[in-house]
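**Student:** Kindly generate the complete structure, drawing on both the sequences and the hints.
The listed protein sequences correspond, in order, to chains X and H.
No gaps in the numbering here: position 80 of the first sequence is 80 in the numbering used here, and each next residue is one more.
No gaps in the numbering here: position 86 of the second sequence is 86 in the numbering used here, and each next residue is one more.
Everything labelled a hint here was simulated from the structure, so no lab data went into it.
Positions of the beta carbon are idealized from the N, C-alpha and C atoms, including for glycine.
One should not assume that every hint holds.
[Unchecked claim] Across the chosen pairs, the derived CB separations fall in these ranges:
1) H:F170 / X:I59: 24 to 32 Å
2) H:E174 / X:R25: 41 to 49 Å
3) X:P113 / H:L10: 53 to 61 Å
4) H:K148 / X:E60: 50 to 58 Å
5) H:Q5 / X:T152: 47 to 55 Å
6) X:A19 / H:P38: 47 to 55 Å
7) X:E65 / H:P38: 42 to 50 Å
8) X:T12 / H:C126: 48 to 56 Å
[Unchecked claim] Beyond 12 Å from chain X on every Cβ pair, some chain H residues (computed):
9) R3
10) S21
11) V135
12) H139
Letter by letter, the chains look like this.
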Amino acid sequence: MTGSLRDSLEATFRDVVVAPPGDDRLSVSAPADSIPAVLRYLREKSFDHLALISCVDWIERGRLEIVYLLACYMRNDTDYLSEQKLHVFVRTEIPREEAALHSVIGVFGNAEPYEREIHELYGVHFHGHPRLIPLFLEREYEVPPFRKDFDTRRYVEQTFGSIPPVEG
Amino acid sequence: MDRNQIGKWLRSPAKMANKYSLHAVYFCTGCGIIEIPPVITARWDAERFGVLPVATPRQGNLFMITGYVSLKTLKAIIRTYEQMPDPKYTVGFGSCPVNGGMYWDSYNTIKHLDRYIPVDGWIAGCMPRPEAVFVGVTHLWTLIDKGKADGYLRYRRNYAAYRRNQEMLFGELEWPALHPCGSAAGGETQ
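**Tutor:** See below:
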């Protein structure tokens with residue numbers, strides 16, 4: 001069954017690479033431009049649950065990898081087709097410098113906080129995001145703190161080490 | 001009532017009343033707050049020690065910082081602390097407010113709570129047991145007796161220094177100064 005989803009994806013999108021499925025997961029690599037279209041297609045294929053969006057910093061290659069994890073909600077366990085039990089990972093790579101991507105809020109509304117989080121922690125800009133403001137952080141960081149070239153120790157020393165004790 | 005304490009009650013009734021009615025602001029930071037529900041409910045029953053949780057800072061006089069303090073939480077802590085009426089007592093609970101604990105290298109967690117608000121006592125541990133809270137409370141009683149739990153007075157006295165430290169982290173703060181900052185920008189003991 002997993003073969004059919006794989007075939008239909010590859011038939012619909014020319015530039016999508018689907019890895020051979022593992023035990024219960026399917027890895028789909030797509031160029032950044034076609035991500036909203038791929039996600040919309042998968043949503044119509046009943047993968048209607050965006051579980052999370054994550055980001056990986058491949059500093060040696062100078063790339064950031066954004067991963068969308070999709071799953072499928074059914075009311076009863078017996079309603080699932082076997083291929084709908086898959087977890088689908090949709091991956092895309094963007095350059096580290098001037099990292100930007102199209103927002104997928106139009107496809108999955110719950111992408112909003114994930115994209116904000118990736119924006120503040122990895123410095124990825126999402127085109128079309130309605131409010132790309134920090135989610136957790138209070139300060140401005142020169143390098144986004146989850147990138148691998150962010151020197152945590154030096155930052156902590158400079159920021160918190162420079163604050164003097166008030167008494168004693 | 002303990003007969004030995006009658007003298008204390010007559011000498012300083014206000015102090016004794018404060019001491020035995022510590023109302024803790026139910027403010028949750030970090031993981032330490034998980035120890036507070038058992039402390040205040042039937043299993044350990046903090047009311048034996050006169051400690052009750054209250055809903056708003058304006059009703060409380062005991063502020064327990066329970067766990068790591070991120071920058072965003074620190075802002076809320078400062079505002080909560082400044083809203084509490086005097087006299088007020090702050091207790092750092094767990095090792096993270098003492099020195100950052102396991103978050104020493106974290107980019108978003110403060111390391112020393114007492115550089116931003118005054119702290120009257122610490123309960124070390126990760127996590128401290130509920131019994132440790134009661135040991136802390138009885139120590140706090142002793143400090144109040146001796147007049148050493150004077151965090152709110154120190155905050156007033158050294159407000160310029162505290163405010164400067166807060167502004168070093170946050171830049172301009174969006175609320176006005178609680179006390180006049182005066183000209184002694186370095187604080188008293190600097």
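**Student:** Compare the structure with each hint and give your call.
**Tutor:** Verification of the hints:
no.	hint	in the structure
1	H:F170 / X:I59: 24 to 32 Å	holds (30 Å)
2	H:E174 / X:R25: 41 to 49 Å	holds (46 Å)
3	X:P113 / H:L10: 53 to 61 Å	holds (59 Å)
4	H:K148 / X:E60: 50 to 58 Å	holds (56 Å)
5	H:Q5 / X:T152: 47 to 55 Å	holds (52 Å)
6	X:A19 / H:P38: 47 to 55 Å	holds (49 Å)
7	X:E65 / H:P38: 42 to 50 Å	holds (43 Å)
8	X:T12 / H:C126: 48 to 56 Å	holds (53 Å)
9	R3	holds (38 Å)
10	S21	holds (28 Å)
11	V135	holds (23 Å)
12	H139	holds (19 Å)
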